[in-house]
Structures are given as structure tokens and as C-alpha cells.
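Q: Listed below, chain by chain, are the residues.
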Amino acid sequence: MARAYETVIGLEVHAQLRTETKLFCGCATAYGAPPNTQVCPVCLGLPGALPVPNAHAMELAAIAGLALGCDVRSESRFDRKNYFYPDLSKGYQISQFEHPLNLGGQLTFAVGDAEKTVRLTRIHVEEDAAKNLHGAGGGTATVVDFNRGGTPLIEIVSEPDLRSAAEAEAYLRKLRDILMFMGVNDGNLEEGSFRCDANVSVRPAGQEEFGTRTEIKNINSFKFVRQAIEYEASRQVSVIEGGGRVVQETRGWNDVTGKTVSQRSKEDAHDYRYFPDPDLPPTVFSQERIDELRRTAPKLPEQLRAEWTAQWGLTAYDAEVLTGHPAIARYFVAVAEALDAGGKEPRAEAGKRAANFIQAEVLRDVKTSGLDATFSVPVAGVADLLGRVQAGSLTGKQGKQVFAEMASSGEGAEAVITRLGVQAPISDTGALEADIRAIIAANPAQHEQYKAGKTKVLGFFVGQIMRATKGAADPATVNELLERLLQE
Amino acid sequence: MTQSSPAPGVIATAEAVRRGERSAEHVTTEHLARAASLRGLNALLHVDEERALQAARRVDARRAEGKTLGRLAGVPVVLKDNLCVTGVPTTCASRILEGYRPPYDADCVERLVAEDAVILAKANMDEFAMGSSNENSAFGPVKNPWDPSRAPGGSSGGSAAATAASIGAVALGTDTGGSVRQPGAFCGVVAIKPTYGRLSRYGVIAFASSLDQVGTMTRSVRDGARVLGVLAGHDRRDATSATEPVPDYEAACELPVKGTRVGVMRAALDQVEDPDVRASFAAAEASLRDAGCDVVDIELPHAHHGVSVYYLVATAEASSNLARFDGMRFGLRVAGEDLLSTYERTRAQGFGPEVQRRIMLGTYALSSGYYDAFYIKAQKVRTLMIKDYQQAFERCDAVLSPTAPTPAFGLGEKTGDPLAMYLADIFTLPPSLAGLPAMHVPVGLGSTSGLPVGVQITTPAFTEGRMLQLGSALEARSGYVCAPPGMDVGGAS
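Chains as they are written, first to last, in my numbering: chain A, 1 to 488; chain B, 1 to 493.
In short, the hints are calculated from the structure, not lab data.
Hints are not guaranteed to be accurate.
Which residues of chain B face chain A? A few of them, derived with a C-beta cut under 7 Å, are [said to hold, decoys possible]:
| id | residue |
| --- | --- |
| 1 | Cys84 |
| 2 | Val88 |
| 3 | Tyr202 |
| 4 | Ser210 |
| 5 | Asp238 |
| 6 | Ala242 |
| 7 | Val307 |
| 8 | Glu317 |
| 9 | Ser320 |
| 10 | Ala323 |
| 11 | Arg324 |
| 12 | Leu366 |
| 13 | Thr406 |
For glycine and all other residues, C-beta sits at the position ideal for the given N, C-alpha and C.
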């Protein structure tokens, strides 16, 4: 290749809003229901049925706009996008075209060690199409499942500010993270609730104007986004290097062949004949309502991290790990708050202990699926356990043992402690001193070794004492006493 | 011509059934018999006798149980065939919907049934409510009860004819650009188009969503007021449905009109050529003056753009609204070799010529490159028309105009010239585009044509009460009785 090329990428992300019901009717949006069981005259587009906007969906879309620094419009409007396809019940899709809810905005994210900011064009609200199932039942027929039809989506349109597949992936991950933390989207790529179209073009390095772009439709995994953009950029470079011209068209990603394939050329592009949907009056958000949403919206991961390092004594690393998933973040805050409510230690201590324990013990077996996460021990159980450790009725080591038992048996701390006969740590030096003296007396050979300078035998004595006290002795106290008594 | 007597109307029937003087079943049987004997009018597309009788018997049973009956107890209702009724064939007089039975009721149907009305039949209409003569029905034209060689008007021609001929005590139509008022004028019945948003459009098969309103057709103003009172009100299933409180429309009919300022567009009137229309308007104006109204001259400078604006806005919306009739999920499907040809064949065979013409026109008006010049321009003029009315209503309380430029014209007379046909709606279009309530009130029979003639009253949004008040005063002074010759039913009850 003679010249160096730069890839220019803009992304259109479709994210499903987390509502119980569809955008324009009361049908459920639950994933995986038997086909056509979550439908009504409205989402089936039956004659005479009318759309009524889902207020919650509009609020979630506004919250997404607020989180991404958009100008949330006090008046937005739905338009009809007209085209024929069997998955489109009404012959048009209700979307926002001329007056979207959110304008502008930006997203800053890390790519490797660098930081990158991508401008957003807009975030608009629209309904999802239904799903065509080709060759259902082994035949040649295509049938349609309308369960998904009418599901509320936001489309997040970026400016062509991305310059590599890696940037695109980092952008998408960050975007997904934010939407999940805002409770706007469940981030479930497998179920298609977060998917994207990529507009890709290449241009010789240093050239101002953009090359001809192609659009790769409906990519639903981070890996495929990266692969598709890389493939498409190199394909376009080969076309140009071969003396050809890139054709503006819509392409699809085939994850089996690892290639993009032409779907529709610009010549067959639809004239969507957008016009304001006469069934829907403009959506109006007062400035007060927008301010209220801003006040009450969930916090962004970076806000949480800043708060946690300042208030809960967390390191940047701890905060990063604990904001890996919104459910984990909530779990951490709940445990820290519970410990803090005990009031026996500084707030930062409570936060630090909660953070350490969660990272060391709890995260081991957390399972996440979209926005859901399953914890082996509920917040109250962990808070209770850590409270006992703090109060000194369990050693840290006992705490871990009890936790493991709670996680596997589902019992509470009290039940596990009783069942296993875990003894409270002995920190009464008088009682311990007697035990230690007895053990030293019973092991004169090791005592001699210690006196001869072999300090390694200290471990032997600690082990003996712990065994004698069934692990209930406080190790720090034991060490201190041993060192003194062995010197005698 | 011998004067006939109409059958008892909405209020007379409902009160008689409530008092137990007549049974709903008896009323229904009579009207069903009448529907059968007047089959030649082709006013109805579907009559389900058994269903109607069952509904009537339920009303009678409720009375027998001592329950208080609703405001429309036992009142036989005819519904335009674009109103959805669960399980009842609903075709919009189109082949493309043949065999379709909706799985739900329109809001207005629910409200009628809740007041113990009896759904008698579905009325013939212009296909998808597109037309001014009811000659665009896939199931043949309706005949005007006053003269079977004439059109009943459109698109609610079947509803108008059924009301005039006393097949139903009331018929519901829909009015997009005059589709209850113009057939009301042709058939000599009271036709009310309420303010846009006053009635729910839920379950009304859409033609042009920003204009469509359900309207009533009755043989008296007070009957219309009662039905309007039943139908009006907010429906959360229609985002354009108004939340304004519903006043007592029947009481409004009783109020004196003295001092009401009535606006007249003198310049537009001068262009009306038909002598009967001119005479009826003059008579109406005189009788309102007589009743103490002040007549003031007003101008609606953009009203003459009504036809152009309407045929851009309405067809644009229709081209989109009718996209769902694609042969995929209900109604007609004509299979082709592939998806596109299935769409094309289904729609080519399913839709009649006028519907196809309007879909093409609307598609064109919305297409990229023409959108600004046509659709946007039309919306701007529409806004000017709304402002015209706002200014006019600073000078008057109501606007009086003819309803149609002529009495009922002959069947086939204008079918070859769509543009001439579109002009039949010239007076009804401006109030529709402005979303205002408007009604047709018959005032008599034309001395030249011998056919019913009357006037249109338009008032500001949500002032149906004032409109009915004026309509009632006009009706009282006109002495008009809706009784097409040879259709005497007065003795049968």
C-alpha cells in the first residue's frame, strides 16, 4: 500500500428503554415470551388503533440525554417514517426526525491510555420493528413475531469522530456502561437491546474531506463491531488502491464469513416521506420537570467513583472495580452505608472494609446478565457479618469462613456461627497468657530453638495456640504475647 | 308530493323505552323490517339481525330487573362501516378489508352500548371515506331517499340515507372534510361534526388523522345533542382526545339566541349559483335575525384555499394511514412472486380508483423534493386559515354559510370529473381544516329542486352548545320535517 489511510467512523446505537410496556400501548416488553403473545390492536397496527406515548419511556430517554450532556428539548415531536416491510405493522415506523428529544451531547472515554471525546448529533426516541422469522418450522415461509414491535428505543447518533475500530469499541462500552447505570438500558447485547449501525469511510491520511461511506447494519457484539469496521475499512482501501470507487450502500455483517456484504445500494434507498405523526401531539417537558429529572436521575459511574474516593476512602482502583456493574455499585453502597450506620468507625473505614471484603470475597461468584446480578449473600447478610467482625465477635479469618458457609448454604451469619460452633476470638490476655505458657512449657525443644535465634519456630507456636483455641484467638494478641513470653 | 312522517327519533324512542311504553325488542324489530324493505337504497353493508335483537332483549331484561336504563335505551343506531365493532365485518366499503372483523370496539361504540343503544347495522360509505357522492363504495352507490336517481352525498352517504329513511334513529358518520355535513345536506338530516378531539378516534379506521372526527346524523337537533353528549369526552387511548368538560348539550338547545352575533361571508355567498341554496341561506339568515340575532359581515381571506390545502394534507396523511393495508395480516391478499409484487397486487386489486388516486397524490406530496412545496406549504396555509377564524370570532359568535354549493346532484353526474366533485366540499372544508365544530341544519325543501336544503353553522372550538343553540332556533323556525316521500312510517309505531 502506497499511502496511509485514516478510518472515519460514526455510530448509530439503538438502545431499548427499560420500560414495562411498549412505547405506544400497554403491551409487555418482556423478552422471550411465546411469539405474538404480547400484542394488541395498537402494536399490531390494526385499523382504527391509535398510539398513546409511554410517559416513562420519554422520561428515560430524557435521562439518557441528560447523562450524555444533550440539550433536552422541552418540546419534541414524533414523525412517521414510511416504508413497507412485513415486520412493520403500520407501514410506517413512529420515530423522531425533525424535532428529536435530545440534541447534541458528547461522550468522553479512555482508549488505552488516551482520552477521547466524541460529539453526539442527537438522541431520538422511536419504536422497534417486529421480528421476521424466516423458514420457521423448517418450511420456506416467513412468519412475523410482533412481540418486539413497538418496544421503545433510543437511537444515539454520533458525529463521525471515531478513527479506529478500537475507539468504536471503547465508545460503545462506555456508552453501554452509562446507559446501564442510568437505568435506561439493560445493556443486553445477546437479546438485542443494545445494538449498532456503523458508518465507515476511509480517506488518505491528511485529507480534509470524508470518503464515501457505507453503513453496516445491526451489529450486536463488541467483537463484531471491531471486526466489521476493520474488515470494511480494509475492503474500502483495497477498492481505492485497486483504482475503484467505494459505493455508498448499506452492508450487513456476516459473522460466519467475517465479511461485510452488500444489502442495498443508494439507488434503492427509500424515500421515507417523513412527516409529523398526526395521531401524536408534541411531547412537552417543562424546564422544572427536566430539572427534576436531572436531580433524581441515578448517578454516573464517574460521579460515583469521585464520591467514593472522597467519602468512602476507596482507591481509584477499588472504585473502578466496584463500578464495573450498576448492581455491584448498589451492593457496595448498601453494605458501606450499613456499616457506617453502626457508627463505630470513621466513614472512610467502613467504606474501605466493605470495599475490601466485597472485592476479595463477594465478587468471586457474582453473576451478571444484563442489568441483573445475583449475589450469593444479600446485602443485609454481608453487613451483619462485617458488623460482627468490626465488633470483634469474629476474627477477619472467621469472617471469611462464615461468609463462605453463608454463600453455599444460604443461611444467615448467626445460623452459621451456631452450627459450626465458631468461637468468639479470645482477646482476654489473661486467659491467653495461661494457654500460651502451657504450650511453651509443653514444647521445650522448640522453646530452646527460639532462644537460639531460630525465630521461625514462632509460626509453630502460633499454630499450636490457634489449634488450642479453635481459631478464636486474636492473632495480633497471640503474636504479641508469644514474643514476650518466649523471651522470658 | 305527499308529506310523510318520520319514525320516532332518538329522544322519543329512548324515553318511551325507559318508561316501558315500548320494548327495545319491538323498536329493533320495526327498524330491521324497515331496513329490509329499503334494501334498494343500498344504504347498509351489514345487518346482523340476531345480534341486534339480542342486544335489544338485554336492554329489556335490564329494565325488567328494575335497572335504570341509559340515555339511548333501545335506540337503533347505524354505524358507518369505518367504525370498529368486535366481531362485526368492517370493510370501509373496500375490497381490501373484505372479511375483516375487528377484535375490538371503537370508543364511540363502547359509549353507545354503555347507554343501552342497539347497534343495528353498518352503513355503506365511500371507500375509506374518500368521496362526496358515495359512488366510490366497492359495494355500489347509495341512493338518496328523496330521489333514488340522486347521490346521497359522501362519504357518510349510507349513514345519511339510513337516517333520512328512518332505518336508524341515529347514524354515526365520520367527517374529514365535510363527510357528515355534506351528505346531511343532500339527505336533509341534522349532521354534527364536533370540535377535533371532542370525540375519541379510537377504533375509527383512519383516513386523515388530523381531520377525522366522528359525527352524528339525526332527524332533529335535540336528538343530535343527546347523542353528542353520550359520545363526547376524554379517551386515554387517543392522544389527541380533549379533556375539556362535556356540557349539557340538550339544555343548550333550549337557550334563547337573542343577541348572538352571526357572521356571514358575503363575498363567498355571491359566488353561489344554485337558486335553492341561495334561497335557503337567505331564509336561514332571515329567521336568525327574526330570533334576535345580529348578523355581521366577516371575511375568511384564506378560505378559498380550502380545497387545495385539504387535498394535500388529507391525501398525505391517507397515503401513510392506508399503508397498513398490505395483505400481510388481515383482509385481502393477492399473492405475487415476491414480497414487492404481493404488496403491489394486493393494493392494486384491493383499493378502488379514487383511493389509489389519493394515495398517489399524498405519496407525491410527501416525497423528498416536493415535501416543502406541497405538504409544508399546505400546513402553513392551514395555519393562516385557523388565524382567519380566530379573527372572525372576535367579531361574531358563529359563522353561517351554505353547507354544499348545490342540493343533491345526480348519481354519475360528476364521477368523471374528480375536481368538480371535490368542489362539493368547498364550504365544509374550512371548519375541518381549522378543527372547529360545524353542523348542517336542514331548513326546508328547495322550490326549484324539491330536494332538502339547509345551512352550516360553525362556532369556535368546544362551543358545540352555542352551535346547537343556533341550530335548534333555526330548526324551530323552519318547519322542516325529515320525511322523504313514500317512506311514511309514522303509523307503524
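Q: Look at each hint and say if it fits the structure.
A: Here's how the hints hold up against the structure:
1. Cys84: Check passed: Cβ of Cys84(B) comes within 5 Å of chain A, closer than 7 Å.
2. Val88: This interface hint is violated because 13 Å lies over the 7 Å limit.
3. Tyr202: 5 Å, holds
4. Ser210: 4 Å, holds
5. Asp238: For Asp238(B), the interface hint holds, since the closest Cβ of chain A sits about 5 Å away, which is under 7 Å.
6. Ala242: 11 Å, violated
7. Val307: Where the cut-off is 7 Å and the nearest Cβ of chain A is about 19 Å from Val307(B), the hint is violated.
8. Glu317: Because about 6 Å separates Glu317(B) from the closest Cβ in chain A, which is inside the 7 Å limit, the hint holds.
9. Ser320: For Ser320(B), the interface hint holds, since the closest Cβ of chain A sits about 5 Å away, which is under 7 Å.
10. Ala323: 2 Å, holds
11. Arg324: The hint holds - Arg324(B) has a Cβ within 7 Å of chain A, the shortest such distance being about 5 Å.
12. Leu366: Where the cut-off is 7 Å and the nearest Cβ of chain A is about 4 Å from Leu366(B), the hint holds.
13. Thr406: Violated - the Cβ of Thr406(B) stays beyond 7 Å from chain A, reaching only about 31 Å at its closest.
Hints 2, 6, 7 and 13, counting from the list given before, are not met by this structure.
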